[in-house]
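Participant: Turn these sequences into a full structure, and let the hints steer you where they fit.
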Amino acid sequence: MADNYLEKKMENYKSAAARPARTRSALFSLIEKNRSTRGYDASFIVRRDQLKRIVAVNTRVASARNRQSLRFRLVTADEADKVLPYIKMGAALEGMNLPLSGTEPNAFIVVCSTAEPRPSTYIDLGISVQSMLLQAVEIGLNGLCIMSFDKQRIIEELALEHEPLMLLSIGKSAEKIVAVDISADGERDYYRKDGVHYVPKVRVEDLIIE
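Just so you know, the sequence shown maps onto residues 2 to 211 in my numbering.
I should point out that these hints are in silico values taken from the structure, not numbers from a laboratory.
Hints are supplied without guarantee of correctness; some may be wrong.
Calculated cross-link-like contacts (lysine-lysine; reagent style DSS-like; alpha-carbon spacing at most 25 Å) [said to hold, decoys possible]:
#, residue 1, residue 2
1, Lys173, Lys89
2, Lys152, Lys53
3, Lys89, Lys194
4, Lys194, Lys177
5, Lys173, Lys83
6, Lys34, Lys202
7, Lys177, Lys34
8, Lys194, Lys34
9, Lys89, Lys34
Facilitator: The following block contains the structure:
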């Protein structure tokens, strides 16, 4: 019995060693799911507590010289109409007016700065929005960084005291989005084909400088 036991243990050990190592960490999986989403499930209403949970990551992320000048205005479904007319999505998709009717987001996070923006402000902004989008993915949602918006109208509609730098749309994705590997000189523009949104990404071999 002892001999059979040891033989089975050795077989299990050899089988485990032969299996390829896992190449996708939990973080990498979140990053893969964190695709820029321009079409949302209108039946899913994002709650304020979900937006607050997303913003909460900013209590722990890095900030240049720890200034922490970013502030966040939460916009839920009851105020979404104050934002939707003043944003643009999908600049690379010529001839498409996004979001398509019936797939509009019903929640936003407006990222503002309490101080005059400087280069380090935009470093903080990048860290903040990436962290928030990863948190959104972790709770089953997706989002989009929106830089194309009517700043003055957003300030007026939301009665903002601080300058808005970026908007994040948040919701449950209604799109199929696929990342595809390309070489360093490949075409970078995202595109749509047969209802699928494709996002070209430079492969790791071409990102590394030898």
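Participant: All hints, please: hold or fail.
Facilitator: Taking the hints in turn, this is what the structure says about them:
1. Restraint check: the Cα-Cα separation between lysine 173 and lysine 89 comes to about 19 Å, which is no more than 25 Å; the hinted pair holds.
2. A distance of roughly 23 Å separates the Cα atoms of lysine 152 and lysine 53; the hinted pair therefore holds under the 25 Å criterion.
3. Distance check on the hinted pair: lysine 89 and lysine 194 sit about 21 Å apart at the alpha-carbon level, within 25 Å; holds.
4. The straight-line distance between the Cα atoms of lysine 194 and lysine 177 is roughly 11 Å, inside the 25 Å bound, and the hint therefore holds.
5. Pair hint lysine 173 plus lysine 83 holds up; C-alpha atoms about 20 Å apart against a cutoff of 25 Å.
6. The hinted pair formed by lysine 34 and lysine 202 meets the criterion: a straight-line CA distance of about 14 Å does not exceed 25 Å.
7. Annotation: proposed proximity of lysine 177 to lysine 34 holds, straight-line Cα distance about 11 Å (limit 25 Å).
8. Note on lysine 194 and lysine 34: the hinted pairing holds, with a Cα-Cα distance of about 19 Å set against a maximum of 25 Å.
9. The suggested pairing of lysine 89 with lysine 34 holds, with an alpha-carbon distance near 23 Å, which does not exceed 25 Å.
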